[in-house]
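Protein chains: 2
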Amino acid sequence: MTNKLNEITVSTEHIFAGKVISLQVDTVELPDGSTGKREIVKHPGAVAVVAIRDGRLLLVDQFRQAMGRCELEIPAGKLEKGEDPMEAARRELQEETGYTCGKITHLHSFYTSPGFADEIIHLYLAEELTAGEMALDDDEFIEVYEATLEETQRYISEGRIADAKTILAAYYWQLHLATKHQA
Amino acid sequence: MTNKLNEITVSTEHIFAGKVISLQVDTVELPDGSTGKREIVKHPGAVAVVAIRDGRLLLVDQFRQAMGRCELEIPAGKLEKGEDPMEAARRELQEETGYTCGKITHLHSFYTSPGFADEIIHLYLAEELTAGEMALDDDEFIEVYEATLEETQRYISEGRIADAKTILAAYYWQLHLATKHQA
Numbered sequence: 001m002t003n004k005l006n007e008i009t010v011s012t013e014h015i016f017a018g019k020v021i022s023l024q025v026d027t028v029e030l031p032d033g034s035t036g037k038r039e040i041v042k043h044p045g046a047v048a049v050v051a052i053r054d055g056r057l058l059l060v061d062q063f064r065q066a067m068g069r070c071e072l073e074i075p076a077g078k079l080e081k082g083e084d085p086m087e088a089a090r091r092e093l094q095e096e097t098g099y100t101c102g103k104i105t106h107l108h109s110f111y112t113s114p115g116f117a118d119e120i121i122h123l124y125l126a127e128e129l130t131a132g133e134m135a136l137d138d139d140e141f142i143e144v145y146e147a148t149l150e151e152t153q154r155y156i157s158e159g160r161i162a163d164a165k166t167i168l169a170a171y172y173w174q175l176h177l178a179t180k181h182q183a
Numbered sequence: 001m002t003n004k005l006n007e008i009t010v011s012t013e014h015i016f017a018g019k020v021i022s023l024q025v026d027t028v029e030l031p032d033g034s035t036g037k038r039e040i041v042k043h044p045g046a047v048a049v050v051a052i053r054d055g056r057l058l059l060v061d062q063f064r065q066a067m068g069r070c071e072l073e074i075p076a077g078k079l080e081k082g083e084d085p086m087e088a089a090r091r092e093l094q095e096e097t098g099y100t101c102g103k104i105t106h107l108h109s110f111y112t113s114p115g116f117a118d119e120i121i122h123l124y125l126a127e128e129l130t131a132g133e134m135a136l137d138d139d140e141f142i143e144v145y146e147a148t149l150e151e152t153q154r155y156i157s158e159g160r161i162a163d164a165k166t167i168l169a170a171y172y173w174q175l176h177l178a179t180k181h182q183a
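From first to last, the protein sequence lines stand for chains A and B.
All letters in the first sequence, in the order written, are residues 1 to 183 by the UniProt record's numbering.
All letters in the second sequence, in the order written, are residues 1 to 183 by the UniProt record's numbering.
Hint data in this document are derived by calculation from the structure and do not stem from the laboratory.
Be aware that one or more of the hints could be misleading.
Which copy is meant is left open, because identical chains are indistinguishable; a pair holds if it fits in one copy or across any two.
Unchecked claim - In silico DSSO-like cross-links for lysine-lysine, where the CA-CA straight-line distance does not exceed 27 Å:
hint: 1; residue 1: K78; residue 2: K4
hint: 2; residue 1: K103; residue 2: K81
hint: 3; residue 1: K180; residue 2: K37
hint: 4; residue 1: K78; residue 2: K103
hint: 5; residue 1: K180; residue 2: K19
Owing to the predicted nature of the structure, the values given are computational and were not obtained by experimental measurement.
Produce the entire structure from the sequences given, and follow the hints as far as they go.
As structure tokens, then:
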């Protein structure tokens with residue numbers, strides 16, 4: 001049905017291979033037969049975790065160089081090579097917040113920036129949480145917050161929460177509550 | 001409160017400057033005094049539009065080279081230099097779907113990938129829609145869909161909708177309906 005919109009890769013120029021991302025410029029044949037350039041960032045993929053304990057969402061505060069400031073986000077991190085996303089979600093939750101979970105459910109997998117990046121985030125709901133020890137990476141400095149829905153919404157309106165996956169998590173939470181109250 | 005998490009930029013190496021994105025590697029001083037590298041993609045920012053007409057969400061189908069396939073998304077596009085985001089939202093809606101809107105409201109502005117990119121998307125709700133002519137860019141090939149909430153949710157479960165901003169739009173819509181039904 002959508003074949004007529006397809007683009008065909010003619011060639012790929014590799015620009016940069018870094019620790020986290022790599023960059024390439026693809027030359028593509030467009031549907032009308034002309035050619036175009038597509039600047040593409042390759043990313044290993046990531047996981048993120050919605051974890052709500054006693055009516056509070058687990059958030060981590062960390063400095064984001066791309067934003068030039070700190071931001072509150074749900075626990076998240078890159079997939080390691082060959083790692084199962086669900087195991088990665090358990091691992092990141094435990095490393096960043098100390099919590100382990102008895103139950104974990106896949107909610108969505110989504111591309112963050114399909115116009116220029118292949119990053120996909122696998123989003124999980126973690127339940128039956130048990131407190132424990134954090135285990136941060138060497139270059140990771142974070143603080144854990146536990147926020148009510150009202151606080152979470154205030155953080156969004158203040159811009160302290162300002163990324164797609166965390167706003168999506170807040171919507172999920174609010175919708176889950178709204179639907180439950182209707183039932 | 002979060003100052004102790006801050007990182008200080010020591011130097012910036014410019015790797016690539018493209019048509020859409022540029023790439024740099026920043027050396028930063030970490031909170032413990034050691035140094036680290038941050039690979040950062042710079043992006044001009046973008047707008048996206050939630051437009052619902054007669055109970056149907058406007059979607060555009062387009063090929064995404066980063067994903068290697070077509071995907072259905074809400075109308076969206078990059079900010080032009082110096083452009084007001086709200087005007088850009090009106091422009092993209094009209095260019096990609098033909099619709100103009102009598103009323104437009106800012107919903108959220110969010111970073112898509114704060115770990116490696118400064119892309120921010122300004123999300124708007126467009127109302128009082130009037131059909132008109134599309135005006136696509138030379139390298140843009142898209143098809144317009146109008147989907148009920150049920151169809152939208154099916155597209156998400158099938159992966160035909162698979163990006164953060166469009167899933168966020170679907171959540172917004174669902175939540176708006178859920179809240180309205182409660183009132």
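As a check of your reading, is K180 near K19 (CA-CA no more than 27 Å) within one copy, between copies, both or neither? neither (43 Å within a copy, 47 Å between copies)
Intra/inter-copy verdict for K78 and K4 if alpha-carbon distance must be at most 27 Å: between (34 Å within a copy, 24 Å between copies)
If the cutoff is 27 Å on CA atoms, where do K180 and K37 land: within, between, both or neither? Let me know, please. neither (48 Å within a copy, 45 Å between copies)
When no copy is specified for K78 and K103, does a C-alpha distance of 27 Å or less occur within a copy, between copies, both, or neither? within (21 Å within a copy, 40 Å between copies)
Intra- versus inter-copy proximity for K81 and K103 (alpha-carbon distance at most 27 Å): within (24 Å within a copy, 47 Å between copies)
Going down the numbered hints, you'll see the structure goes against 3, 5, while the others check out.
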